[in-house]
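Engineer: Residue strings, one per chain:
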Amino acid sequence: MRQRTSRELLNVSWDYPVYVSETEAAEVAGNYSRARGPRKALPVEKAYLEITQEDQRPLLVLRECDACEGTDDALLSTRFDNEKTMLKAQWFHLVKLPTHVTDDSHPFHNLFGEQEMPHLFLASHDGSRVVPLDGGQSQTDLWHAMDELLEHAYLPDHERSLKKQLKLLDALDGLDEEENRLAADLDDVIEKKGPKAPKAKSLRKKLERVRAEREEALAARHDVAALKLKPAAD
Amino acid sequence: MEAGLALARVSAARPRPWVALLFVLLACPLTGAQADGDEEEPWREDPFTRNEPAALAAAGYERFHPIEFGDRHGSRDVEEVLGDVEMVWIETEHFRIGSTLTSYKVRNEEKKRIAEELKALAEHLPRVKKNARTLEPWLRAHLYAQRAEQAYAQFQDMLGLQDQDFPTERNTVGERGYLGEGPYLGQPGKFLLLLFEKRSECGRYAKRYTDLDNDTGIRHTFERQGSLLLGLVAERKHGKDEQAFKSETELACELAFNLTHNLANGFTYYTFSMPVWITEGLAHYNGRQVFEEENNFTFVQELGQDLTVEWDWEPKVHGRVRHDFYPPAEELLSRFDWGTLKFNDQVMLWSRVDYLMSLGPEKFGQLIRRLKQRETGSIVPTPEQLLATQAAAIQEIYGFDLAGFDEAWARWVTKTYRSK
Chain A
4 MRQRTSRELL NVSWDYPVYV SETEAAEVAG NYSRARGPRK ALPVEKAYLE ITQEDQRPLL
64 VLRECDACEG TDDALLSTRF DNEKTMLKAQ WFHLVKLPTH VTDDSHPFHN LFGEQEMPHL
124 FLASHDGSRV VPLDGGQSQT DLWHAMDELL EHAYLPDHER SLKKQLKLLD ALDGLDEEEN
184 RLAADLDDVI EKKGPKAPKA KSLRKKLERV RAEREEALAA RHDVAALKLK PAAD
Chain B
3 MEAGLALARV SAARPRPWVA LLFVLLACPL TGAQADGDEE EPWREDPFTR NEPAALAAAG
63 YERFHPIEFG DRHGSRDVEE VLGDVEMVWI ETEHFRIGST LTSYKVRNEE KKRIAEELKA
123 LAEHLPRVKK NARTLEPWLR AHLYAQRAEQ AYAQFQDMLG LQDQDFPTER NTVGERGYLG
183 EGPYLGQPGK FLLLLFEKRS ECGRYAKRYT DLDNDTGIRH TFERQGSLLL GLVAERKHGK
243 DEQAFKSETE LACELAFNLT HNLANGFTYY TFSMPVWITE GLAHYNGRQV FEEENNFTFV
303 QELGQDLTVE WDWEPKVHGR VRHDFYPPAE ELLSRFDWGT LKFNDQVMLW SRVDYLMSLG
363 PEKFGQLIRR LKQRETGSIV PTPEQLLATQ AAAIQEIYGF DLAGFDEAWA RWVTKTYRSK
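Sequences listed follow chains A and B, in order. Quick note on numbering: the first sequence equals residues 4 to 237 in the numbering used here. Quick note on numbering: the second sequence equals residues 3 to 422 in the numbering used here.
Don't take every hint at face value.
[To be verified] Here are the simulated PhoX-like pairs of lysine-lysine, each with C-alpha atoms no more than 25 Å apart in a straight line:
1) Lys208(A) - Lys239(B)
2) Lys199(A) - Lys344(B)
3) Lys422(B) - Lys204(A)
4) Lys209(A) - Lys199(A)
5) Lys202(A) - Lys365(B)
6) Lys208(A) - Lys166(A)
7) Lys209(B) - Lys239(B)
8) Lys233(A) - Lys87(A)
9) Lys417(B) - Lys365(B)
10) Lys209(B) - Lys43(A)
11) Lys344(B) - Lys204(A)
12) Lys202(A) - Lys318(B)
13) Lys231(A) - Lys166(A)
14) Lys422(B) - Lys199(A)
15) Lys196(A) - Lys344(B)
16) Lys195(A) - Lys417(B)
17) Lys318(B) - Lys199(A)
18) Lys209(B) - Lys49(A)
19) Lys239(B) - Lys170(A)
20) Lys196(A) - Lys417(B)
21) Lys344(B) - Lys239(B)
22) Lys87(A) - Lys231(A)
23) Lys422(B) - Lys195(A)
24) Lys196(A) - Lys209(A)
25) Lys114(B) - Lys195(A)
26) Lys196(A) - Lys208(A)
27) Lys318(B) - Lys87(A)
28) Lys209(B) - Lys114(B)
29) Lys167(A) - Lys233(A)
30) Lys195(A) - Lys208(A)
These aren't lab readings, by the way, just hints derived from the structure by calculation.
Could you put together the complete structure from these sequences and hints?
Structural biologist: Structure follows, in structure tokens:
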């Protein structure tokens with residue numbers, strides 16, 4: 004089982020965009036209130052602009068549904084290991100939209116196209132390339148779609164980065180375990196024999212070493228994960 | 003539980019009296035029975051009061067939906083932002099509460115504690131079954147309303163104050179001196195509580211109505227109406243590897259911990275922070291009163307360690323005191339920076355407050371009152387002034403200086419705490 008640092012790094016970090024109409028924004032700026040018009044779907048180009056807010060990363064947009072009950076089941080497998088999906092996901096701008104995006108008046112409704120609404124889709128930041136998925140897709144199909152968008156958006160090579168990251172996560176797990184053990188032992192020695200006990204001194208040294216190694220591994224992981232976006236075409 | 007749950011810190015608010023007045027005038031309360039669209043929105047009817055005004059009053063409630071909530075948004079706005087969700091809304095004497103929590107099956111290990119709470123609730127809501135094993139959305143909201151009001155009453159008692167001691171208008175100094183800018187412990191607006199079933203709901207609310215980007219919980223101040231918000235989330239951060247949702251006990255502990263922060267910060271109107279030991283130590287003390295095995299931390303340095311394993315704090319403190327290995331009061335009580343707190347510092351904060359509370363909660367209330375004391379709301383003491391006030395107040399209230407605090411506390415720990 005992954006340890007705390009790896010779990011934090013593998014955490015799928017969602018963005019939850021909420022559209023604020025110009026009327027509402029003006030209210031806040033001008034400190035007044037007035038009646039708001041009915042909710043209206045934005046044109047698809049404007050919807051992409053609202054969602055991305057100039058973020059050039061490819062998009063992974065998931066709409067929640069009552070069946071999923073707030074889980075990420077449409078993205079993450081309930082049967083297989085999800086680490087590769089989670090690691091690939093870090094290079095996407097992950098957007099989660101509420102169930103009522105299915106209403107044709109929802110500001111972001113048009114992101115999902117005019118045909119049958121996909122459960123999630125992957126897209127380039129401007130929507131010029133879109134891969135719709137129904138939520139029941141196989142993990143292989145999902146990875147294939149993610150790879151396609153990643154290759155389109157980033158300079159190579161995300162697969163190599165992914166392999167290195169997996170190794171670093173294993174290393175971080177080992178360091179976390181060691182740190183937990185040493186810290187617990189140090190606490191125990193301090194509380195039973197006092198802070199000046201000979202064992203406390205050696206444990207402190209070991210703990211310092213493990214913490215330094217952990218910092219190094221974290222920095223290495225950060226460097227390895229930092230893919231460069233391709234320059235925008237003129 | 004999420005051991006390292008770091009709820010966003012509350013940012014300082016500045017008084018804006020005219021804005022609050024405008025807000026009060028704009029608010030147009032209706033009772034739940036008057037809510038629009040009741041027939042089409044059956045979840046709006048509370049099965050325990052049936053939205054009858056007399057039953058609401060007996061329960062100590064002022065209204066259900068619709069409720070004016072935070073700055074420039076009401077209950078209907080929140081429901082829309084969250085995704086047109088079905089929410090339960092309750093406005094009590096001191097809180098405005100919104101909940102998306104779904105039905106919950108009480109676990110065996112928490113059955114007794116929740117049964118006691120249901121028994122207390124049934125005194126005001128006779129339709130509540132004292133032995134209910136499934137907590138429906140409305141019943142959960144009632145429980146949180148009860149918990150919040152109890153925490154408020156307990157805090158106010160500790161301060162030795164009552165509702166009528168606080169000003170009803172801004173810029174008022176009453177018989178008991180300056181006590182803030184409004185009737186809710188000194189805040190002009192009621193305390194706000196949001197209970198989210200899903201992280202995405204918290205994320206959407208935070209994004210829309212606060213400057214925070216957090217889907218695991220929020221503490222925030224709405225400057226315009228002068229209300230402090232607490233948002234808690236039932237869904238865990240790492241749901242795939244363990245149970246996806248927190249237990250009722252975990253959430254109750256989170257509430258006790260984080261509400262303590264908001265109440266303490268809000269007392270006499272939130273414009274500055276007290277030294278961290280006061281709020282965090284008292285928050286630990288109150289959270290552990292609910293269930294000592296579920297601990298929350300506003301911040302801890304050791305990200306790599308699984309702190310949830312360590313909940314039996316008495317022997318830890320006892321051992322450290324025995325070997326004279328602890329941060330002295332002079333240093334521990336002078337911290338304002340959360341970033342300096344390590345796990346063992348957190349344990350020590352709790353123990354210091356544990357000791358002072360053993361000398362009488364009212365004395366600790368006096369200490370908070372002294373720290374928050376000023377002549378008007380526009381005066382914001384510097385950290386140096388606060389530390390000088392703190393040292394003088396400890397001497398005056400407890401009869402010892404900071405070195406004496408160390409000695410008295412260490413003696414008490416050795417005598418009171420288990421060694422293993």
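Engineer: When you check the alpha-carbon spacing of Lys202(A) and Lys365(B), does it fall within 25 Å?
Structural biologist: violated (42 Å)
Engineer: Is the straight-line distance between the alpha-carbon of Lys196(A) and that of Lys209(A) 25 Å or less?
Structural biologist: holds (18 Å)
Engineer: Keeping to a limit of 25 Å between CA atoms, is the pair of Lys318(B) and Lys199(A) held or broken?
Structural biologist: It holds: about 16 Å lies between the C-alpha atoms, which stays within 25 Å.
Engineer: CA of Lys199(A) to CA of Lys344(B), is that 25 Å or under?
Structural biologist: Holds, because 20 Å separates the two Cα atoms, which is no more than 25 Å.
Engineer: For a C-alpha distance cap of 25 Å, please report whether Lys344(B) and Lys204(A) respect it.
Structural biologist: Given that 25 Å is the threshold and the Cα spacing comes to 19 Å, the pair holds.
Engineer: Please verify whether Lys196(A) and Lys417(B) have alpha carbons no more than 25 Å apart.
Structural biologist: The given pair, whose Cα atoms are some 19 Å apart, holds under the 25 Å limit.
Engineer: Would you mind confirming whether the straight-line C-alpha gap from Lys231(A) to Lys166(A) stays at or under 25 Å?
Structural biologist: holds (17 Å)
Engineer: Going straight from one Cα to the other, do Lys208(A) and Lys166(A) come out at no more than 25 Å?
Structural biologist: Measuring from Cα to Cα gives roughly 32 Å; hence the hint is violated.
Engineer: Is Lys202(A) within 25 Å of Lys318(B), Cα to Cα?
Structural biologist: holds (18 Å)
Engineer: Is the straight-line distance between the alpha-carbon of Lys209(A) and that of Lys199(A) 25 Å or less?
Structural biologist: holds (16 Å)
Engineer: Please work out if Lys195(A) and Lys208(A) have their alpha carbons no farther apart than 25 Å.
Structural biologist: Answer holds: Lys195(A) to Lys208(A) is near 19 Å, not above 25 Å.
Engineer: Holds or violated: are the alpha carbons of Lys344(B) and Lys239(B) at most 25 Å from each other?
Structural biologist: Holds, at about 22 Å.
In terms of the numbered hints stated before, the structure departs from hints 1, 5, 6, 25, 27 and 28, listed from lowest to highest.
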